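Two chains, each in its own frame: build the complex with the hints.
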Amino acid sequence: MGMFSESVEVACTPEGRPESLVWAGRSYELCAEPVRWFERREWWAEEQRAPLGSGPGLVDSEIWRLEVRDASAPDQSLTLDLSRHLRSGRWRLLRLHDALAGQRRPASA
Amino acid sequence: MSFTHLHVSTAFSAHYGVSWPEELAAAAAADGATALACTDRDGLYGTIKHLKACMAAGLDPIVGVDLAVFDDDGDLRTQVGGRVVVLAHGENAGAGYRALCRLISDAHSRTTGKAGGTVPAAVTRAELASRALDPQTLEPVLTVLIGPDSDVGRSMGGRRYLRPRTLFKQWLDAMPAGTVTAEVVSQLSAPGEHLSTAHAVRMLKLAAEHGVPAVLSNAVRYVAEDGAATADVLDSARTLKSLPELAGEPLLQPNGQAWLKSSAQMLELGKEIIHAAGFGAADLKSLLAHTEALADRCRMDPAADMGWKQPVVPEAAVIGIEGDPLAELAARCEAGITRRFPGISGSSAVEMRARLEHELRIIDSLGFASYFLTVAEVSRMITDMGVRAAARGSGASSLVNYLMGVSQVNPLQHDLIFERFLSRDRATLPDIDIDVESAERHNVYRKIFDRFGTERVTLMSMQNGYRARGAVRDAGLALGMEGGDIDEIAKQLWRFSARNFREALVEKPELKEFAGRVEQRDFTGNQQLDLLVDLTERLDRLPRHISMHPCGVILGDATLLDRTPVQPSGLGLPMSQFDKHDMDPMGMLKLDVLGVRMQSAMAFAVREVIRLHPSKADVVAAGNHQPGPDGSGPDYIAEDGTIDLNAVPLDDEPTFDLIRSTHTLGCFQIESPGQRELIGKLAPREFNDLIIDISLFRPGPMKSDMVRPFLEHRHGFAPEVFPHPDLKPVLQETHGVTVFHEQILKTFDVMTGCGLARADEFRRALGNEVLENQVEEFFRREAKRRDYSPAVVDKVWGTLKAFGSFGFCKAHGAAFAVPTYQSAWLKTHHPEAFLAGIWEHDPGMYPKRLLVAEARRMGIPILPLDINRSQAEYRVEPVVDGPDRGKLGIRLSLKGIFGLSGAELKRIVAGQPYDSLADLRARTRISKPSIQRLAQLGAFDSLHRAVGGNTNRADLVHHLQQLQTRTQRKGAEVIEGQLALPLGDVELTNLKGGRPAPTLVDTVRAELDLMAVDVSAHLVDSHRPLLDRLGVTTADQLLKLRNGTEVLVAGVRVATQTPPMRGGRRVVFISIDDGTGCVDSVFFHEAQEQAGPLLFSTRLLLIRGTTRRTGPRGISISASMAWDLSRTDTLPFPAAGAGTGLGGGAGTGGDAPEGPPLDMAPGALDGIRRTLAITGFSG
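Those sequence lines, one after another, are chains A and B.
Following the numbering used here, the numbering of the first sequence begins with 113 at its first residue and continues without gaps.
Following the numbering used here, the numbering of the second sequence begins with 43 at its first residue and continues without gaps.
Same shape as in the complex, but just chain B (with noise of 0.2 Å):
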């Protein structure tokens, strides 16, 4: 007979358990089990990975939890007595699994979802006895094993005979009949002890006492004895005790033998206790079959119990329709076209038509239609509410979501394929993602739950594993080791996986002196080290905790929370236990929507636009605006001024002029470094190429060498080649270059005639060592009957063996185009008021100052600070005066001034406008150093000027200065931020002059340090004197130089990326700002060499090396060399006489006075510290 293990956790029992539901399962099955639980502790989190672990072993499943029971004697809201296993009885059409799920909630339900919470996740006795029934035939459909861990199992240490027998007395008066058995535990401790034979032989005679039935388990955390050192590192972990620690108190498991026992040894342990107990055969007999009754009791039907694989969507009139949901997908389908397609006719109709049937029939024959009204009425929610949304990835791909407005791309002109969305041979719930402005996000949530109410809707959660760095610090926890060492050592690791820590350790150039310290351990006692790394292995992907997920929204019906247990979120919402793996074999719905910062920039852009013009004429004529059809502007700009981002024609072309000049900063997806310079040999034309360019730029197609020759055939270099002449419609939009998955799937289809849904079903085995020779074979024979010569057929296979792996789908290319091309149209038209938005949502890749480096660049004034105009957003404010009068300026806003809280910044906006620096003072009352540093940043600039006089801003900080230093020497009784401080009047007025104004790298300096941004002057611009020597050449000057040049450039930090390369050498990426535009760099092997340490360390960057022309627009430089800038004494100045040695005569070296290096004034970054918000990387 074989033995059932009742109680196991896996891995995802965080800190607890070791191994994963496979591993668990093949031993199992192995042994010759026919059934296996999973009993996590406090939640089902392995318990879809085991579902489908004992499907694959040809395991009956069991289903429980390891759950903390309140004292039922102490303070119910933080006192646990003990813990219980409950486990689920199967076939009784999912009872038993409602329950558990129900139960599991309760658990949780008083828990805050935040780190530290005091309450433990935990179920009062009462909630057990009232989940232990079905609620509709009264009938157990849960059974709870009171073991060794639970308080009955605890007070049985010592000689104690009342105490175990009280409790175990209140369990069976509590519980209904038939659900309380007793679990009998030995894992042959010392005797006496917890988990000691003598142990089990006491619950066992206890349970004997009461009539009460007995199973045998080994409370299995591991699935061999090799799991147990794992098991005690993670019970350091789980304690923030180190092993030592824990020995003495004493609190790790007693020994190692928590493991999955054979049958044969769970028989021995069995006999063991029964003999220890003085008990006979039969009694072991009864015990075993105890263990086997309750197993079978408790053998779930996945499909009949759970609901596997069986989607459910909320219910049609939840959606809001009545009647057959199909029907009501086509009548707005229909209502899409009117919108979407007026006019359309002819050729164009029939074939739009067709298409929609056609996808309009999969969606019937899956009947996945409520799920498409699903999506379509989150999406009008999210919508009505104000917000931007837009679906990304292969939702892009339908005609039916473009009808009812869920995405924002036309399938049929971009040649996407609804195939690859959905299929018959596939029926699993596709995947539509929702793009929503980041900042917007959590409402968009909390309105969801509003809209299908929260019995329908939970958060989906994830699985958060240990990477190298926490395992390190956790091995190190164990070990004891000092905590300034671990993270010495934890700072070193980065992404790489802890399973190769050992690995790394020879390859790794950065962990040398670590790899020399473990070698060393005979010399140094340094065994810790070797024993760090092992451990470190053993935590390796191990879960730690669950969290939200950063955009996944489970959505259900009524029965969802029957199916799911949830737990508070830190959002406070509820989140279900179970993670995107667990989403498909459940039939759970979800919907990714994700935050974008571009969308809440762009929104924010719009909004700022209508603020200043409140119409549309306005609008037309300061965004330059086509007259339309009437003269009075393009219909997407509606009456009061509004832009109607997504009804923008997508071939505006001073927006393809704005992306070929590759003065791309801050548009979505194309700022990048080597974005700019792909779109500097592109040259897009039109909306396609965008999709093509953002296909291109993948790992994939960059590693693979597809852009070289796409190129070359794009701009004619090289004719285009195609396999086949029937391959050339499929491929002729990349010039022969396989580039999407869609062209995949039509190469299949068009050589071998096996369908769409097929080919893409071929896709996904492409790059599967079993399925891909399945694949070639069929390719081949296929390819043959329809009469491909064998090299036609060699060549497209290796081209489809070669790109499956890696290739872009063309539908998430397109879906990606859109908000790039809404950017590029914003910054086009409304600079300002684009701009602004980008400050104020950071969507980007850079530190925000390049961004303000682009303003200046674009001649748009940046308006300084001003406690009197300037609000907690970037504002778009007309310039009244001075030389930029009439133009758009951008006002700095109050928010991001280091120091200056939050609640400061709301008071001094809801004060605005002050007259004096006491009114401000009185009526805000903001801290001494918050006024200091305003002023600073001269926001009282504009006061100052108002009561006239001759002092400077250096005069009034120096003057607030004092005024601290005084108030600090009189004592700690003046509390900061009160109104006790005896202030003149008149402060301004009465300033003391007499000290220097500011100079403006004094200005900039202050600048940077309190807000990471150079705002009234380019920080460079304090060493233009010292670029002038050098002979540099600026960005702007560039492109003017031929193909070779030799230059020296100059400039701060602003990218710095290391990708990974073909050939495996490291390639790296530098772009240096220097006022007048980016300059990109590249260092192969030999100037890495020679720069050295600085490639990484330095802000301030002079870098040698030649003009790379990349494109009609498009220039970088391929270094070899360079030097920190702020070490003068280092630099190449010419020598006296040398001229215009370098530049070949671009610089302006020439002019430069000659003579030793000029004793340099400082410049504005020295002593600012804050290196990672300004160069956007911190070595």
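Next up, chain A with everything else stripped away, as it sits in the complex (with noise of 0.2 Å):
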């Protein structure tokens, strides 16, 4: 398992939950249900400011494991752990679980 902090581009159903997305300019296609938490965030650690009524997002950030497949190979799936920054709507790859794929239990939750 890997961390990284890269942009992904994700498309979404209307009610918000990720059906595809682009990273490091390939293309996938989720082949599983998508799991979504909210994870909290060290934010007295990474945040300058917290005045009152900053909003949702400052404490937690969503995250969703998405099972992918790349469209070229369809036999390997990927799940992938993403962040939605929830101000700016923002996708980054925030873990990758290749030889862990399927499993359900985060690894450094």
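The set of hints was computed from the structure by calculation and includes no laboratory data.
Be careful, since some hints might not be right.
Simulated pairs of lysine to aspartate or glutamate, EDC-like, Cα-Cα distance not exceeding 16 Å [as the list claims (entries may be wrong)]:
hint, chain 1, residue 1, chain 2, residue 2
1, B, K313, A, E145
2, B, K313, A, E127
3, B, K283, A, E154
Note that the structure is a prediction, hence the values are computed from the model and not measured.
Right, dumping it as structure tokens:
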């Protein structure tokens, strides 16, 4: 497993659930139901400010675990943890579970 | 379908909840909810606010609690198994609410009420089970929610299968059928973790297995996502661990999802849980239906279930009456008439009768007769205890209160309006406040509990919210900052709300340095400081804990504890979880029984008078009292010499002479520098003048420049002006200036005919943005209809509008003026006893040493500490020898000597008298340092004199020091205070002499060091030669000077004030005491610049300024420059030959020797650290 902070482009359903993504120039399709949760951030170390009225996303970020398949190599699936920054809506790659694909427990949570 | 949140903590869950009830109710209502629960932790702290908020938002309130439950298998006393939510069922005539109150009181019954108690607030499962059914009907009246924080929920982590089932089964076995429900919560934390969807699924399935209904909740801590960070900081404050520490453990909330989600979001959440459980649509429907069904069952009817707005007073039988309370009240008033108005007749009798009937009619229509009788009963009970009691506040507006002895002011004589206190238009229980001797307050509380029964009485609590200092400390703790750093910052935060921290950084000069550090974050990694400011603002005002209210006692009938949960207070007596804002909504009768030190001081003085003069004739002679009707003295002095202070007529001329002299130090309300100045200007001639004086000396009138025109009219410098002749009777007593609330009421009534009751409603509306416009409209319309000219209407409305928000109730002023007069009367007639009482109970604003100096100024001998004569209290004593022979003096007490413990003091007093030091040691076993200190203070001088010889105090102190050093060298096996010392039998006789006796300065220094009081001489005396050289004018000489004379004055600081001023520019008032009296000086802006840091840091001040005459007996100094008297090199000595350049001849500078600055002998204050106790100010 590796830790990343790479930008990923994600396409979502109208309900906000990821459908497909583009990462490092390659596109992937979901091949299993995604899992979503919210994970705490160490905001007191990462942020300069925390004024009242900061809104969502200061204390936690939304995490999606996606099992995806490269369209060009349909036999292999990858499990990725992506974080969606609640304020900007940007997606970043958080973890890559190459050897642990399919396992439902986050290895580092 | 809307969703109902059943598990919601408000900000009143101290150190847990984030949002205020109003925010939560508004958000729920905006989302279309029809009901909302409030389930604060450990109590109903926010419940009444929740009720109010729900009613305002159109929601049905649901009431419950989040409560810890003891582990049945663990040690029942301390081990908590988990937390559950308990909801009260509604619409059952209060059965559910009653059970909830009693259950919460159960939870607190084992706690101590003191900080750091080891027993948590928690219930046993047996208590929960017994409260869950109504004892009469045996119907369920409570529902217990077994959720994620219960023992069941907590055991669901990992993959244990059996444990949660065992625990859940225990609940089902222990609780009556139909009282347990499963609470399913997913806060969407990482899969498998606490509060994850998987966790919710396990609870849902467990409930399904056992056929127990399950409800959905979000265990809310904040109204919106934004509150999550605040919740983190509160977790840190609760656990006293920093956020990084908590994150490591991990003890923080898993994420920030504990907010009041919308119905749509809760539906999505429900779907997600049901889907993850592999259940179907019917199950989702059932989960949500159960939630709403439980909500419906718990909808509270505030009136029928909780007694909303229904006043409850003790049962008639308890206050000792049978039959109609109103008839009883009328009868008691009748009896009071003969006592209060002996021989009243004619028109004044008619007027008085009419007023009484008017009051009784209003009391009857409100059904408050029992209330008045209750208050009278409490007042009588206190008086019977021999404790001084006086009504304060608007209660003094009532003739009924006067007739029943509750208040001491005749409302007819002072034009006090009953409607200001109580009217048909205001159906809330009025406040009657009773001042009692502070030293007796707790005894009075206990007596009230005894008298009315513990089931009818509880203390009121108060919520203590975060203010700037506490907030910055806890924010700093959360960020893991150094304690020292935080203290440094916290110390600079003073008197502003934490909410405005960032604003204050820009504005307040004292925060300039800190603001600079925040700015520099980019260079020095100070981003923490920026966060610190944000987190401090987040904590602002959030409740931290409840404590006993300083004076509120709740009185009710036998059902009181069905209506409020109670918990132990620090005092041990039970305390309601409700605060003053909850009293009126819950129909609770609250008495304010306030401890007032002045009452203790006066009671002490009266006891001293009778102890010294045990007969009427003695007291009359000693106090120089009027001979009275039969020549034997006035009626208010009993045969045994007891003075009935409340019966002293309010027109004693010598008392007003004293007040006008402005030598009012020690007198209630009129001793501050500002008040002495006002007294000097106003020159009170009668009691009503005192009422006006006290009412004028308020921030409002002072700020709004009401005082100057009043004084000008009073002294005839300017003609009185009345806006209209009709208002002359209303405003005459204050020469056309509106001072009192009562005058506002009458003005409304005169010009609109609205009646006094409505007039009081109008007065309350003044200053309220919305209501004030309606009042103005009404006033203008009705006044116009009565043919008042537009100019008059404009002018009067302008006054009403400007005044309304800060005027003073005359009844308050009158109630205050009584102890003011009484204290001045005692100071006039029995000054020794009065000052002894003041020293004993220290009621005023000044350091005690100033009141000692006042005795010296008045020529009252201050008798030194004496091991055989000093008691645990100050005592008045006839002086038997010396120049003061025949006078009364005040003997210093053994209390307040630095380092002398309470136990030592008791043993000393119990063993008096002593014939030798050895005797003292043997019988009291007091510590060596204490003996040494007593020797330094001269407590053994009388023993010393008795043995003769030529040794002195210094020799004895040296001897005792040697003794101490030797024993220390011997090693640690000798325990201090034990009788192991081999002492000489004839210690004092054999004392080695030869040391110079301590100088007066040394003695005074020891007194200041050990007692913070200069006894043997005034501490400024040692500087007298220096002051003479400087050409300083003394306080007693100032009054002889012309206005505008330039002078130098000097003395020790006794008061420092920076009151808010019109125009916003800071003005600093500094008063100094030079032994001949006080000098009050004022530093305006330029003088502040000149004096710089000396203004707040110097104890001994030399001030240059010009005299400002403030009245016939008043003079103060407008300062231009100040020096530190202890830094002689900086002082402005007159140049050689300049003579009396300063002081206009009043100083003695011309007679002083000329030459270089004196090589000063050390002053009495040198090396003394106790700045606060000595100057009343510590910079």
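A quick look at each hint next to the structure:
1. B:K313 - A:E145: holds, 15 Å
2. B:K313 - A:E127: Holds, at about 13 Å.
3. B:K283 - A:E154: Given pair B:K283, A:E154 holds - Cα atoms ~15 Å apart, limit 16 Å.
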